[in-house]
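Two chains, two frames, a set of hints: combine them into the complex.
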Amino acid sequence: MVKQFRTASEGRQEKTAPENAQRRAFLRYAGISVASTVLVVSSCKSDDTALAPAPAGRAAKLGDIIRLGTGDVAVLNYAYALEQLEAAFYIEVVKAGTLMGDEMKYFTDIRDHEIAHREFFKSALGSAAIPALTPDFSMVDFKNRASIIQTAMTFEDLGVAAYNGAGKFIKNPDYLVLAGKIVSVEARHAAYIRDLFIRNNFSNTADPMYGLDLAKAPGEVLSMADPYIQEHIDINGSGLIG
Amino acid sequence: MNVFHIFDDIASFDADVYDRFDTRRKVMRQFARVGRKLTAASLPVALGTMFQKAYGQVPSQVLDVLNFALTQELLEIEVYTTGYRSVTFPDMESKQAIEIVIDHEHKHAKFLQDTIRALGGAPIPKPKFDVTGGFGSGNGPFKDAYRDFLFFLGTVQVFEDTGVRAYKGQAPRLIGTGDVLTGALKIHSMEARHAAKLREMRKKYAGAPVKPWITFNEPGLGDKNALVMKNYMGEENTKQAGIEITNINGMPIEPNDASESFDEPLTKEQVLDIIRPFLVM
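In the order they appear, the protein sequences are chains A and B.
Going left to right, the first sequence walks through residues 1 to 242 as my numbering numbers them.
Going left to right, the second sequence walks through residues 243 to 523 as my numbering numbers them.
Any given hint could be a false lead.
Claimed, not checked - Distance condition first, Cα-Cα at most 25 Å in a straight line; then the derived SDA-like pairs of lysine to any residue: (1) A:K216 / B:I342; (2) A:K171 / B:T424; (3) B:K481 / A:S127; (4) B:K368 / B:G382.
Unchecked claim - So, partial list: chain A residues that the calculated Cβ filter (under 10 Å) puts toward chain B: (5) D64; (6) K95; (7) H117; (8) V183.
Hint data in this document are derived by calculation from the structure and do not stem from the laboratory.
Built from N, CA and C at the ideal position, the CB exists for glycine as well.
Isolated chain B, as found in the complex (with noise of 0.2 Å):
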């Protein structure tokens, strides 16, 4: 990337960035010392830099959402990591699967804290979580998706369609923030391939009635479909922005079609809903 166009992307949403820096031939040279491109791995620290120095601070929103998403990474790896140590793999692949999975979300958690940090503010520290889904009891719902490799298969599912479904509402809210909208989305699509690779694992080990991309609200989930209605309600959907996916210009898109080539979004009341039994209060 290059870090002249941080600056344009900052005046888009701050008609005045280059006063808030010295001079835009100062902060031009300043930057011309670390080189025309920036690596993924330098990206936290020059934006940190340069919104600390400008602003003092950044506008709350954005920490607010860098924030939220890393309490569910946070969740996410909780819940992977309790799963990978007490369930039985049944062969190398699908435990090699998981051991991808679990490192990216490492990672995104990561980026997140890090640009939190760079942007001058406190990523939260690591709630207490009850991964059953107990509201701290320890004796939720999930606790034997800990013992059961295919239902522990069947909740990180829930969790990465979920994880989609967040990101995504929350998009809007980082319009403006340039780099930190391209990391979140990044993050987005990343959190889609994860899904995809937990559905068809599903379908391979479970024989679910599932397909790398979500039909009408279906969990596919059988007998624990009732746990997660919440997580895919809405996603039955064939509208988009007032113009009906089925059958559109005469084409032969059938209903099922329709709803799964969008996923929806989820607002961040729906997902604090999904996600308070897992939080120990």
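The following block holds chain A by itself, in its conformation from the complex (with noise of 0.2 Å):
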């Protein structure tokens, strides 16, 4: 039966070959058993018929809610939640054209670093990953480079805080050290991101007693990141709770 879905999951998508070798390369590296496979059942829409999947990269629908699934794959989807929002606002900065010179220089960097998140995460989760989601940047003015220096500083830090907060839930040490090969860049970019907006503030996320990082539980992260997508995601199941 799963391996009936699995073949028919892979038609619908018309993935092309080297695609489906490369998400064949991942799963076995990663060690994902054909039983997490099956999670590919409840990262689906809840009002989805039968088995049916939704194909990774269809856009999700306004007002959709959107499961992540559970486990580590639940993790995953998260991270690839976060990093879909943040390629979606670099997209947008480098397009508007506000910023000049070096800043500029390094926006199209952060840009280039975050669609290359993404697209790893829609390539690894194949069809266990959620839809593409619709931002919501209604409140960005990104003719203004205060507005995108701080709703930039507020997405890296959230990132950062995100990943650090998640990192407790994953089981498979391979993602674990995958998570911490992109938190770590997303750490650079705020720190940069912090300095254009005032001098030395580069690190001001410190806790004075330990000097330590920021680390946000997964319901904290997606009710500050909920403003900024049109889709709800539901973290309810999903095991990223606590």
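Below, the structure is given as structure tokens:
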């Protein structure tokens, strides 16, 4: 049954051969068992009929409730959601052309990093991936440098706090290292952007007692990200509460 | 943080955790007294009390990771404070930036020491260091870093980038330790913030060809690159979990972006190999 299910879902997505090969390589690398592939079911919208998974990359619709799946898949989908948001933001920033010189050059780098993260999770999750989210940046003025930098700072600090807070939910050591590979790049972005705002503000997220960075629980992160996403991400049943 | 969740974290690697404490109810009563929310300050003590009562000892691997991290923090503190006292800063902003980082490194060492003690272990005493990287000769290749501000900046950039890699490599050994892992991750991203700042300072003051993020395995130290190749070896990776990031899914992601967008870990052996010249045996 599982085998039929996977074949059907892969057929529907009309993935190219190299994409499928990459996904298989990842699943092999990550040690995902056939059993966890079935988790695709729980990452579907709640009103989906039968076992039809939401094909990766399908645009979500306004008001959709997005479920992340469970276990490590939920953590990866959680990261995928945040990376989608970040990538969409920097794509708009670069498109707007408000920033100049080195700032524009670095924000273009950051855009490409976030697209790389987004596409990595999309490929890695394959048919278990949540759909493409619809961002809502109506409160950002992309013609205003301060508005861009303020929002970028919020997103980068939130990203760092999100990965730091999600680490303890990850069971697979390879995923934990992957999250680590990404979070330190987000922290580099955050430090750079904070210093644009106020000089020597790069590490002001540190707590006064131990100099530790932020960590936030997924529920808190998603409630902060919620105003920027038209869909609603529901973590009930994902195992990411705690 | 909520103390009640610590038990669930522990239960994820020790199903009998509740049996080890007299009864769940008694433990809950005990912690109800200190309140549901623990501050960062009281975390190590609370953790330690629980671990000691429940296990008598903490898995030695956890203490090993924390002491390994402590060794690196102590070395960083020695390098930073030696340089801070001896180099000439070009302006107040650069001096203040180094002060901020030194302050954090002291606090990270304190966090590791408090956590190790709270878990019933013994923090390693400060080893004797040779900040010149001369195996105790005091005449190593980094000797001039303590006379030359720009060489000093380059040196601490390398230490921070390496620290990020070291914490990343150790994280899997802390799986199942809940808030101990979270603490290590919080230090890890703070080190990355430091690294980004130092790289920006190197660009500003030395005109160094570096960005806040690491491109391929380039140290950006010019004629000093050969000294630190091991610190950056592997950072050029563009393939993650078997997936090529360059041009991923048809996106215009170039190889340099692909390498920058993921930082790479170092194993404990690689880190020890790198820091050995700074230890006096």
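Hints versus structure:
1. As the CA atoms of K216 of chain A and I342 of chain B are separated by approximately 23 Å, the hinted pair is consistent with the 25 Å bound.
2. Restraint check for K171 of chain A and T424 of chain B: the C-alpha separation of about 14 Å stays at or below 25 Å, so the hint holds.
3. The hinted pair formed by K481 of chain B and S127 of chain A meets the criterion: a straight-line CA distance of about 21 Å does not exceed 25 Å.
4. Taking the CA atoms of K368 of chain B and G382 of chain B, the gap is about 20 Å. The hint holds against a cut of 25 Å.
5. With 10 Å as the threshold, the beta carbon of D64 of chain A stays out of range of chain B, its nearest partner Cβ sitting at about 22 Å, so the hint is violated.
6. A distance limit of 10 Å between C-beta atoms decides the matter here; for K95 of chain A the minimum to chain B is near 14 Å, and the interface restraint is violated.
7. Below 10 Å, beta-carbon pairs count as interface contacts, and H117 of chain A has one with chain B at about 6 Å; its hint therefore holds.
8. The beta carbon of V183 of chain A comes within 6 Å of a beta carbon in chain B, closer than 10 Å, and the hint placing it at the interface holds.
When each numbered hint is compared with the structure, violations occur for hints 5 and 6.
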